[in-house]
Amino acid sequence: MSTLRDALRDLPDAVFADVLESDDAYLLVLDLPGATDETVDAAVEGSRLRIEARREKAVPAEFDYVSEERSLFLDVELPLPPGVTGAGASGSIDRGVLELELPKAEAAPETQIPIDD
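The opening residue of the sequence shown carries number 171 in the working numbering; numbering runs sequentially from there.
Simulated from the structure, these hints should not be mistaken for lab results.
In this text, all values refer to a predicted model and were calculated from it rather than measured experimentally.
Note that the Cβ used here is the ideal one computed from N, Cα and C, for glycine as well.
Hints should not be assumed to be uniformly reliable.
[Claimed, not checked] Cβ-Cβ distance ranges computed for the label pairs, FRET-style:
#, residue 1, residue 2, range
1, A195, E247, 30 to 38 Å
2, V214, D234, 36 to 44 Å
3, F243, D264, 16 to 24 Å
4, E238, D194, 20 to 28 Å
5, A228, D194, 38 to 46 Å
6, E191, A231, 46 to 54 Å
7, A195, E232, 26 to 34 Å
8, L197, E247, 25 to 33 Å
9, K227, G253, 33 to 41 Å
10, S172, A228, 34 to 42 Å
11, D194, G266, 22 to 30 Å
12, R265, D211, 15 to 23 Å
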């Protein structure tokens, strides 16, 4: 989990994120103003979470940029905590807030190991 937390610190300054943890899952919350369900792609690839998002910017014809700090694209890869495979993951976006729920893998039931003499 600390690897994911450290990776979130390396996100661009314009991206704000929270990580929450329950007994069963992690919840990653990212602010992506202007992004929609049609412009966000999230996938687990191996032990990494890849998020690509783009947003539209409408610029009135009578204006030109003096300063442009809001990027159109976000493309990040984050390490997943141990035990998270992406199986059963879900996501939603509402008003530019992306929530990804990443279930923890269930621990294997206790298994007795036979000891032979």
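Hint-by-hint comparison with the structure:
1. A195 <-> E247: 30 to 38 Å: 20 Å, violated
2. V214 <-> D234: 36 to 44 Å: 41 Å, holds
3. F243 <-> D264: 16 to 24 Å: Roughly 21 Å apart at Cβ, these two residues keep to the hinted range, so it holds.
4. E238 <-> D194: 20 to 28 Å: 42 Å, violated
5. A228 <-> D194: 38 to 46 Å: 41 Å, holds
6. E191 <-> A231: 46 to 54 Å: 47 Å, holds
7. A195 <-> E232: 26 to 34 Å: 48 Å, violated
8. L197 <-> E247: 25 to 33 Å: 19 Å, violated
9. K227 <-> G253: 33 to 41 Å: 39 Å, holds
10. S172 <-> A228: 34 to 42 Å: 40 Å, holds
11. D194 <-> G266: 22 to 30 Å: 26 Å, holds
12. R265 <-> D211: 15 to 23 Å: Hint holds: Cβ distance 19 Å, inside 15 to 23 Å.
Hint compliance for this structure: hints 1, 4, 7, 8 are not met, and every other hint is.
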